[in-house]
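2 protein chains.
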Amino acid sequence: MTSSNSEPPRLGEFALIAKLFAPLAAKDEGAFGLKDDAARLRLPPGDELVVTVDALVEGVHFLRDDPPRLIAKKALRVNLSDLAAKGAHAKNYLLALCLPDWIDNAWLTDFAAGLDEDQARYGVSLLGGDTTSTPGPLTLSVTALGSIPSGRMLRRKGARPGDLVFVSGTIGDAGAGLELLRGKASNLPADARDYLIRRYRLPEPRLSLGRGLIGIASAALDVSDGLVADLGHIAEVSDVRISIDVRLVPLSGELVSLWGSATPAVLRAATAGDDYELAFTAPPAAQSAIADAARAAGIAVKQIGRVEQGGGVELLDEAGKGIAVDRPGFTHF
Amino acid sequence: MTSSNSEPPRLGEFALIAKLFAPLAAKDEGAFGLKDDAARLRLPPGDELVVTVDALVEGVHFLRDDPPRLIAKKALRVNLSDLAAKGAHAKNYLLALCLPDWIDNAWLTDFAAGLDEDQARYGVSLLGGDTTSTPGPLTLSVTALGSIPSGRMLRRKGARPGDLVFVSGTIGDAGAGLELLRGKASNLPADARDYLIRRYRLPEPRLSLGRGLIGIASAALDVSDGLVADLGHIAEVSDVRISIDVRLVPLSGELVSLWGSATPAVLRAATAGDDYELAFTAPPAAQSAIADAARAAGIAVKQIGRVEQGGGVELLDEAGKGIAVDRPGFTHF
Chain A
1 MTSSNSEPPR LGEFALIAKL FAPLAAKDEG AFGLKDDAAR LRLPPGDELV
51 VTVDALVEGV HFLRDDPPRL IAKKALRVNL SDLAAKGAHA KNYLLALCLP
101 DWIDNAWLTD FAAGLDEDQA RYGVSLLGGD TTSTPGPLTL SVTALGSIPS
151 GRMLRRKGAR PGDLVFVSGT IGDAGAGLEL LRGKASNLPA DARDYLIRRY
201 RLPEPRLSLG RGLIGIASAA LDVSDGLVAD LGHIAEVSDV RISIDVRLVP
251 LSGELVSLWG SATPAVLRAA TAGDDYELAF TAPPAAQSAI ADAARAAGIA
301 VKQIGRVEQG GGVELLDEAG KGIAVDRPGF THF
Chain B
1 MTSSNSEPPR LGEFALIAKL FAPLAAKDEG AFGLKDDAAR LRLPPGDELV
51 VTVDALVEGV HFLRDDPPRL IAKKALRVNL SDLAAKGAHA KNYLLALCLP
101 DWIDNAWLTD FAAGLDEDQA RYGVSLLGGD TTSTPGPLTL SVTALGSIPS
151 GRMLRRKGAR PGDLVFVSGT IGDAGAGLEL LRGKASNLPA DARDYLIRRY
201 RLPEPRLSLG RGLIGIASAA LDVSDGLVAD LGHIAEVSDV RISIDVRLVP
251 LSGELVSLWG SATPAVLRAA TAGDDYELAF TAPPAAQSAI ADAARAAGIA
301 VKQIGRVEQG GGVELLDEAG KGIAVDRPGF THF
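Chain order of the listed sequences is A and B. Counted the way the numbering used here counts, the first sequence spans residues 1 to 333. Counted the way the numbering used here counts, the second sequence spans residues 1 to 333.
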C-alpha cells in the first residue's frame with residue numbers, strides 16, 4: 001500500500017493504517033506486506049484473471065453516519081458480486097482510500113475490522129492499495145481479482161431463444177430497505193424491517209452459485225441496476241428478447257408485508273436495484289443441474305421467464321399481457 | 001465499464017462515456033466492450049500478474065484547471081511507473097471515475113484523448129472501469145495490470161552491502177516545476193521553464209529500463225516520495241544502510257539554472273518527489289549490464305552511492321561528511 005505525497009496530517013494515521021491494513025495483507029505473500037510498489041498474483045496454470053473495479057462515494061453510495069464496518073463490507077461485496085456473476089473464484093482485492101479530515105482512528109479501526117470479517121467469510125485477502133487525503137467526501141474504490149479456468153467465464157452474452165431465465169434469492173428487498181432507511185413509515189415488525197435494511201446494507205455475493213453455474217448458464221450477471229434493467233443488458237448483448245412472468249418473480253415475505261404482492265409491487269421490486277442476486281439464462285435441459293447447483297450453494301433459484309427471438313425485456317401479467325415499464329432501473333438507457 | 005445507480009444527470013453523458021471509453025477498450029477482447037460485469041486477462045504461460053492502484057484527487061494531486069488530457073496521462077503514468085519499478089510488462093488498466101457536476105462533455109473528450117495517446121505510447125489498453133457522480137472533487141483511481149516471468153519481479157527488498165546505488169534520468173525537476181506552477185518568480189528562459197513544468201505534469205514511466213534490469217538489479221523502486229525517502233524504503237525492507245554522494249546526484253541543466261548546483265540545491269532535489277525515475281541497487285559486477293540496459297532504454301543511469309551494513313540513508317558532502325536531512329520527502333515516517 002503506497003501513500004500519496006499529501007496524506008492527511010493526523011498524527012499516527014499512517015502508522016495506524018500500516019497497523020490495521022498490513023495484517024489484512026499478511027495471508028498473501030504477493031502483497032509483500034504492503035511495502036512494495038506493486039503486488040504479485042500467481043494464477044493456477046490454465047486459469048485466467050477476472051478483474052473488476054467499483055468506486056463508492058459518501059453521500060452517493062453510503063452516508064457519513066453509516067457504520068464503517070458496513071461501508072467496508074459493502075464496498076468489498078459489490079465487487080465480489082461481479083466476480084460471482086462471472087463464475088470466478090474470488091482471490092484478492094486492492095483498496096484505494098481517499099480520506100477526509102473527519103475520519104479518525106476509531107473509524108479506521110472499525111472499517112478494517114469489517115474487511116477482516118469479510119476476508120474470512122469469502123476467503124479473500126488484501127493485495128495492495130493507496131491512501132490519500134481528500135478535501136471532499138470519503139471515497140473508496142475496490143478492485144477485485146479472481147480466477148477461472150481459461151475460456152469458462154460466464155458472460156452477459158450467450159442467451160439463446162428457447163433458454164429459460166432464472167434468478168437467485170429474492171428481488172426488491174434492498175430497494176425496500178433503502179425506502180425504510182429514508183424514513184418511510186411502516187407497521188412492519190422490527191425483525192422484518194431489520195431484514196430489509198440489512199439486505200440493502202449488506203449484499204451477499206453469490207460466489208458459490210456462480211461457480212456452480214459454469215458450463216450450465218448460457219448468460220449471467222448480478223442484479224445491481226434492477227432486475228428488468230439488468231435483464232435488458234443480457235437481452236442487448238445477446239441479441240434476444242427476454243420475457244418475464246411477474247407472478248414468478250421471487251419476493252420475500254418481509255417485502256410482501258411492506259409492499260404486498262400485486263403487480264405494482266412486483267414492478268417496484270423488479271426495478272429497484274441493489275439486489276446483488278444472480279440472474280441467468282440456461283437451456284431447459286439444464287434445469288436439474290441448476291437445481292443441484294442451487295442446493296450446493298444453499299440459495300433458492302427460481303425460473304422467472306423465457307428467452308425469445310427479438311429484443312428488449314417484456315413483463316407479462318397474470319393474463320399473459322405485456323405491462324408497460326416506465327423506468328426499468330436506475331441507469332439511463 | 002459499469003455505471004452506478006447515481007450517475008450524474010447530464011443528458012448524454014453516459015452515452016458519451018460509452019462513446020469515448022469503449023474505443024479505448026476495443027483492442028483487448030477481454031474488456032468485452034466494457035459491457036460486462038468484469039473483465040478477463042490472460043497471462044502468457046509462466047508469467048505472473050503485477051498489479052497496483054493509485055487514486056488522484058482534485059485539489060490534492062492536480063488542480064481543477066489542469067488540462068484534462070494531462071490529468072488522464074498523469075493518472076495512467078504514475079501507475080505504469082510502479083509497474084516499471086517491478087520490471088513488469090505493462091498490459092492493461094482499469095479506471096474508476098467519480099465525476100462532479102462541473103465535468104462537461106468537452107472535459108471528458110479531452111480526458112479520453114489523453115488516455116488514447118498514452119495507450120499508443122505505452123502499448124496498454126483499457127480493460128474495465130466504473131463511473132459515478134460525486135458531490136465533491138473530481139476523483140479517479142487507476143489500477144494498472146502487468147505481467148512478468150514468474151519469480152523475476154524486482155523488489156524493494158534485496159539490496160546487499162557492497163552493492164552500488166543507481167538512479168535514472170535527473171532528480172528534482174518535478175519539484176522545481178511544481179514550484180514554478182505555484183507562482184515562483186524566476187528568470188528562467190521559457191523553454192527551461194516549460195521543461196521543468198512538463199516534468200511535473202507528465203512523468204515518464206521507465207518501463208523499458210525496468211524490464212532491462214530484471215536479473216541485474218538487486219532492489220528497485222520508482223522515486224515518487226523523494227529520492228532520499230524512497231531509498232529509505234529500500235534500506236528499511238532490505239535491512240541495509242544506503243550512502244549517497246551528493247556530488248553524484250544527477251541534476252538537469254534546467255534545474256541548475258533555477259536552483260544552482262550547490263549542496264542545498266541537491267538536497268532540495270533529492271527530497272522533492274514526483275520524479276518517477278527508477279532508483280535501484282546492483283552489485284559492482286553488474287555495471288556494464290546496467291550500461292547496456294540504459295542504452296537500450298535510451299535513458300541515462302548514474303551511480304550515486306553505495307549499500308553498506310547498517311540502516312537508514314546517509315548523504316555525504318564533498319568532504320565525505322554526513323549532511324543532516326530534516327525532511328527526506330513528503331511521506332511521514
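These are calculated hints, taken from the structure and not from any lab test. Do not rely on the hints blindly, as some may be mistaken.
Which copy is meant is left open, because identical chains are indistinguishable; a pair holds if it fits in one copy or across any two.
Claimed, not checked - EDC-like cross-link-like pairs, simulated, lysine to aspartate or glutamate; straight-line CA separation at most 16 Å:
1. K19 with D104
2. K184 with D194
3. K157 with D194
4. K19 with E318
5. K302 with E29
6. K321 with D28
7. K184 with E236
8. K35 with D239
In this text the structure is predicted, and so the values were computed from the model without any measurement.
Here is how each hint holds up against the structure:
For a Cα distance limit of 16 Å, the shortest separation of K19 from D104 inside one copy, 14 Å, qualifies, whereas the shortest one across copies, 41 Å, does not. Taking identical chains as interchangeable, the C-alpha atoms of K184 and D194 lie at most 16 Å apart only when both belong to the same chain, with a minimum of 14 Å there against 58 Å between chains. Taking CA atoms no more than 16 Å apart as the test, K157 paired with D194 passes in neither setting, with 36 Å inside one copy and 49 Å between copies. Taking the shortest Cα distances, K19 and E318 never come within 16 Å of each other, neither inside one copy (58 Å) nor across copies (40 Å).
Neither within a single protomer nor between protomers do K302 and E29 lie at most 16 Å apart by alpha-carbon distance, with minima of 41 Å and 32 Å respectively. For the identical chains of this complex, K321 and D28 are neighbours neither inside a copy (54 Å) nor across copies (42 Å), given an alpha-carbon limit of 16 Å. Taking the shortest alpha-carbon separations for K184 and E236, neither the intra-copy value of 35 Å nor the inter-copy value of 55 Å comes in at or below 16 Å. In this homomeric assembly, K35 and D239 come within 16 Å of each other (Cα to Cα) only across copies, at 13 Å, whereas the closest approach inside a single copy is 47 Å.
Consistency with the previously given hints fails for numbers 3, 4, 5, 6 and 7, ordered from lowest to highest.
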